[in-house]
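Visitor: Sequence:
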Amino acid sequence: MDQMTGDLQGAFQKLYRWIQRELKHLSLENPQINAGIRRALRVLAERPTLFQNCLDFFAEARQNILLDSFYTALTGAAPTTVTPSYMDPTTKPIELYAHDPLRYIGDMLAWLHSTAVGEQEALEVLFISQEGEGQNSILGGIEEGLKSEPWLEDGDGEGKGAIRGGWDARKGLMMLVDKDLQTVCKPLKSRIEQVIASHEESTLVYKISNLINFYRLTFEKLLGQESFLLETMKTTEQAALRQFHSSLQEHVRTVQSELPQAPDDLTPPPFLYEALNELKQLMISCGSSLIPDSEREGGFYKILEEALDPYLDGCHNLSQDLEEVDKNIFVINCQLAAKTTLEQFSFTADRISKLDAEVEKQIVLLTEFQHNFFVHTSGLHPLLVALSDWDPKTTPLTQLLPFSPHTLSLVSQTLDEFLPSALMDATTGLKRLSSPKIIGEIMQEAASRFVDDFARVEEVVIDALVNEGDRQGEGRIEFARSVWPRTVDEVRVLLT
1 MDQMTGDLQG AFQKLYRWIQ RELKHLSLEN PQINAGIRRA LRVLAERPTL FQNCLDFFAE
61 ARQNILLDSF YTALTGAAPT TVTPSYMDPT TKPIELYAHD PLRYIGDMLA WLHSTAVGEQ
121 EALEVLFISQ EGEGQNSILG GIEEGLKSEP WLEDGDGEGK GAIRGGWDAR KGLMMLVDKD
181 LQTVCKPLKS RIEQVIASHE ESTLVYKISN LINFYRLTFE KLLGQESFLL ETMKTTEQAA
241 LRQFHSSLQE HVRTVQSELP QAPDDLTPPP FLYEALNELK QLMISCGSSL IPDSEREGGF
301 YKILEEALDP YLDGCHNLSQ DLEEVDKNIF VINCQLAAKT TLEQFSFTAD RISKLDAEVE
361 KQIVLLTEFQ HNFFVHTSGL HPLLVALSDW DPKTTPLTQL LPFSPHTLSL VSQTLDEFLP
421 SALMDATTGL KRLSSPKIIG EIMQEAASRF VDDFARVEEV VIDALVNEGD RQGEGRIEFA
481 RSVWPRTVDE VRVLLT
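In this note's numbering, the protein residues as written are 1 to 496.
If you are wondering where the hints come from, they were derived from the structure by calculation, not from laboratory data. Quick reminder that beta carbons are idealized off the backbone N, C-alpha and C, glycines included. Take the hints with a grain of salt, since some may be wrong.
Lysine-lysine pairs mimicking BS3-like chemistry, simulated, CA-CA at most 30 Å apart [as the list claims (entries may be wrong)]:
#1 K354 <-> K280
#2 K280 <-> K186
#3 K171 <-> K189
#4 K280 <-> K92
#5 K393 <-> K431
#6 K437 <-> K393
#7 K302 <-> K280
#8 K221 <-> K339
#9 K171 <-> K24
#10 K221 <-> K302
#11 K280 <-> K24
#12 K24 <-> K92
#13 K393 <-> K339
#14 K171 <-> K280
#15 K302 <-> K234
#16 K302 <-> K92
#17 K361 <-> K280
#18 K171 <-> K327
#19 K302 <-> K189
#20 K221 <-> K189
#21 K92 <-> K189
#22 K24 <-> K186
#23 K339 <-> K354
#24 K171 <-> K92
#25 K361 <-> K302
#26 K221 <-> K171
#27 K393 <-> K327
#28 K339 <-> K327
#29 K327 <-> K302
#30 K221 <-> K234
Quick list of simulated restraints, FRET-style, between CB atoms [what the hints assert, rightly or not]:
#31 T414 <-> G299: 56 to 66 Å
#32 P436 <-> P187: 27 to 37 Å
#33 Q281 <-> E360: 27 to 37 Å
#34 P187 <-> G299: 51 to 61 Å
#35 Y97 <-> K14: 21 to 31 Å
#36 L401 <-> A357: 13 to 23 Å
#37 G287 <-> E201: 53 to 63 Å
#38 K24 <-> A110: 26 to 36 Å
#39 D265 <-> P187: 47 to 57 Å
#40 S448 <-> A357: 55 to 65 Å
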């Protein structure tokens, strides 16, 4: 019995060494993989320790081959481990495009993805052949082998390596693919980080981060969340985002240190237009990324805090040196320019709502200004002030100086001079506002409030003048209208 056991172990050792020799020279790039090695692997699987050692040996050999293949893809020079017959002579070396950062990084990541998929497919043929099922498969061999090597499993059913807890064929294969590509990760990471460090343009670096994010999510689906390759993708993506935020902050510092004066026409300053053009490119890149919709708005909101808010703050600082109305108009123009850029993308809805709220505050202030313009220019202001303190129980209205018939006649003349050109004069003060729609809203609201003021004055004035006409023995309405001829309906028509 001992002799048979020894002979069996010796046979497995010979098989193990033979498989090692075969794996050392095995080319997965060759679609014709020897069926004999698959059968040998199935037999060796009955000794999980030897099988795991073979996988480790195979992974090491593949690491060297794939690393050489990567350098070949970069430079076009073929090392000894890459068979020339499997090289595509029409493919240009990736480093020919090193001057184009996006293409350079994109080509490297595309090569990595293509290689990972090719490695997966070849290993499926080698280790998960459909020719054998059950006891005739590698999985069946490992399950049999674990019965003879129970120490490979710990108390919770987990062991080590690709045969942990038995052998999950799919998981084990993807672990092997990930391990095969580990040596490629270092030079890949180095080159990507070098490109990132050598470019300070925020838009370009953000596009690079989204490109890496695309492949990170792709590799996560392919290899799982625990892969070494995925960690490399995360590291490079974080490096790109750090550089991106650093570039944004540096540009903000430059702009804030050299703030100009607000333009005479109250249009947004050049630095805001420049920031909005860059922001649009960032939003285009974000919109085309694989970031889930549920995360896109929240994630990009943080970018807006660095790529938009400081420039709007700069515009607000410029507005402090302007007259009140010009200040309101300038702020609205800047916020509308930002809104026009943001509303092209659905994931900026929350930020647009906040801009709308800020614009509405300025509209309220401008409406108040226009209303005051109507009240003061028309001559109604003294009347409204007097009415605010008037007690009809103690003082007849016409005894108040602003409401004496003579004063009312003068106010009425001023009103007649004001009304024909009131809208045109008021609109002139808003002509530098970039939105005709907002100008119309402001004028409509201010005029409506003025009409309400006039109606209030007209009511008390006509009542008071009617009584005054009685005392003077004149026709009541005739006397009232001779002093105060304008009606609220006439004023409403002239201001619409």
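Visitor: Look at each hint and say if it fits the structure.
Guide: Outcome of the hint check:
no.	hint	in the structure
1	K354 <-> K280	holds, 18 Å
2	K280 <-> K186	violated, 34 Å
3	K171 <-> K189	holds, 25 Å
4	K280 <-> K92	violated, 33 Å
5	K393 <-> K431	violated, 46 Å
6	K437 <-> K393	violated, 46 Å
7	K302 <-> K280	holds, 15 Å
8	K221 <-> K339	violated, 37 Å
9	K171 <-> K24	holds, 23 Å
10	K221 <-> K302	holds, 27 Å
11	K280 <-> K24	violated, 52 Å
12	K24 <-> K92	holds, 29 Å
13	K393 <-> K339	violated, 54 Å
14	K171 <-> K280	violated, 42 Å
15	K302 <-> K234	holds, 19 Å
16	K302 <-> K92	violated, 39 Å
17	K361 <-> K280	holds, 26 Å
18	K171 <-> K327	violated, 64 Å
19	K302 <-> K189	holds, 26 Å
20	K221 <-> K189	holds, 20 Å
21	K92 <-> K189	holds, 21 Å
22	K24 <-> K186	holds, 23 Å
23	K339 <-> K354	holds, 10 Å
24	K171 <-> K92	violated, 34 Å
25	K361 <-> K302	holds, 24 Å
26	K221 <-> K171	holds, 12 Å
27	K393 <-> K327	violated, 44 Å
28	K339 <-> K327	holds, 18 Å
29	K327 <-> K302	holds, 28 Å
30	K221 <-> K234	holds, 14 Å
31	T414 <-> G299: 56 to 66 Å	holds, 59 Å
32	P436 <-> P187: 27 to 37 Å	violated, 59 Å
33	Q281 <-> E360: 27 to 37 Å	holds, 29 Å
34	P187 <-> G299: 51 to 61 Å	violated, 30 Å
35	Y97 <-> K14: 21 to 31 Å	violated, 50 Å
36	L401 <-> A357: 13 to 23 Å	violated, 44 Å
37	G287 <-> E201: 53 to 63 Å	violated, 19 Å
38	K24 <-> A110: 26 to 36 Å	holds, 29 Å
39	D265 <-> P187: 47 to 57 Å	holds, 55 Å
40	S448 <-> A357: 55 to 65 Å	violated, 22 Å
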